[in-house]
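Participant: Here are the chains, one letter per residue:
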Amino acid sequence: MKSSIYSWILALGCIVLLVAIIPFSSGYIQTFIFNTLMFLIFAASWNIFSGYSGYVSLGHVTFFGVGAYVAAFLITKAGLAPPISIIIGGLAASALAASIGGVVLRLRGAYFSIATFGLNEVFKTIAVNMQKAEGTLGIVVPPIPSRALSCYIALIIALITVLTTFFMERSRIGYALISIRADEKVAEGLGINTFKYKLIAYAIGSFFPGLLGGLFAWHAAYIDPHSVFTPFYSFYSMIFSIFGGVGTVLGPVIGTTILSIFQELLWARLSYLYLLIYGAAVAVIILYMPKGLLGAVKYVSSTLLSKKVR
Amino acid sequence: MILEVKDAIKKFGGILALNKMSISMDSAEILGLVGPNGAGKTTLINCISGYYKLDSGVIRFMNRSITNLPAHVISRLGIARTYQIPRPNPDITVLDNVMIGALFSQDQRNIRDAYVVAEGLVKLVGLSTKRESLAKNLTLVEKKFLDLARALSTNPKLLMIDELIAGLNPVEAEQAINLIKKIRYDYDLAIIFIEHVMSAVMRLSDRVIVMHEGKKIAEGAPTDIIRDEKVVEVYLGRGYTHA
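Protein sequence lines correspond, in order, to chains Z and L. If you read the first sequence in this note's numbering, its first letter stands for residue 1, the second for the next number, and so on. If you read the second sequence in this note's numbering, its first letter stands for residue 1001, the second for the next number, and so on.
Derived from the structure by calculation, the hints contain no laboratory data. All values reported here derive from a predicted model rather than from experimental measurement. Here a beta-carbon is modelled for each residue, glycine too, at the ideal position from N, C-alpha and C. Mixed in with the good hints, there may be bad ones.
Here's a subset of chain Z near chain L, in silico, CB distances under 7 Å, partners left out [what the hints assert, rightly or not]:
no., residue
1, Y175
2, S179
3, A182
4, E188
5, L190
Sequences and hints are given; from them, build the entire structure.
Facilitator: Written out as structure tokens, the structure is:
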């Protein structure tokens, strides 16, 4: 209990520090902060459904892409204010998740993963062939006034994502999801309407990448199908989350922060070898710490504590 | 009548796991379900709890048909079960395992109330000292009792126990038998239990049904059942009546 209070104080400290340094940072640092927060939102929102339920989605970026396109449309074609467009983009992503969830959430294991991956390719292809969205040419969006503003909005979305996870974990939804992860049939037998809770969590977890997509469109001032529906974002959502510890509130935050810094340092210094080293490091850690960094820390501290008692 | 199963048929490929199986039960009755391995006892429980869908037949519970309803609906109507191989959530504590059952029961409890219910049930099955242990660290026997507490947490009117006593040592078996008796009176439940330990069946059951190859081959008071020619033939063996 105490250690979790410390981690929350630490998290609060990081937020205050971030808020303070963003306006004084160089463009490079601001971009780095924005990218890290972006991946943090990806990982933390992936964790809400996939991390807690054990249903590994490989199509998380779909909701990012849909949010980006909806927001870009509303800003450019309907002339709506960007913040409102971003929120509608998030809601659209949630609505989409609720509807495709009706189909894909009936699949389990690898079938679910493949279906989510495949659906993303479907949405990418739709975007490519959509004349109104200029197809592969993409959409140019009036840019955000400043990079610092992008960072602040990303920080707010990240905070809401993590807080949502925190409250969800302690609610009926959280208990339903961990029961589903352990054994879905047994969960059903305990009176848990598993499909309902999966659908709710899937829709909640898709809201945040939807918001992020809209913010990205505003921030980058340009989107095209290949940049906002790229499966790499889905993979990174999963990797960062697993690295830090799935099914925990702070795991994805810690995983994303550490891996992003590691990646940035490697990339700047060893541009040829970086992916090789990065991949190997991630593989080794996932092999030896299947519950992620947070799981490993918890394990070590609990074994140390229990030894002290004896 | 609390439960009625009529002409239930369940096929797995070409195998008839349930072949026109029928049972009926009164509330607050303890029904022993015995029979050789593969007789269809667990399949029957799986069908009643909604785990499997029947190929044909009707299941009625408290005067309404529950045939092929989803398992979570059946659970909320008041049917709970344990598993032959206990299946607690291994990564959470004993108390949390039981709390979750209470949380999603038909009573619509909030989390705090669900914990209160769970504390009582964990104590009832004798796991109070292990309440904060992760379920994966329990022994098999403890897991069986945890499974039982979790089934009770859903506040059932019918409890189906799939082999609780087999595998327990004599002291634990005695505890289990006393526990089932206590549960029956304290919670006013109907209980179906599958068991191979005949001494426990004799002591607990008001009535025994013997299954063989998906059918009911005998039904009656425990003392009559062990003299039944057919039962001796397919299940108990010649030695039993003389013993």
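Participant: Are the hints correct? Go through all of them and say.
Facilitator: Checked hints:
{"no.": "1", "hint": "Y175", "result": "5 Å, holds"}
{"no.": "2", "hint": "S179", "result": "6 Å, holds"}
{"no.": "3", "hint": "A182", "result": "4 Å, holds"}
{"no.": "4", "hint": "E188", "result": "4 Å, holds"}
{"no.": "5", "hint": "L190", "result": "5 Å, holds"}
Checked against the numbered hints above, the structure violates none of them.
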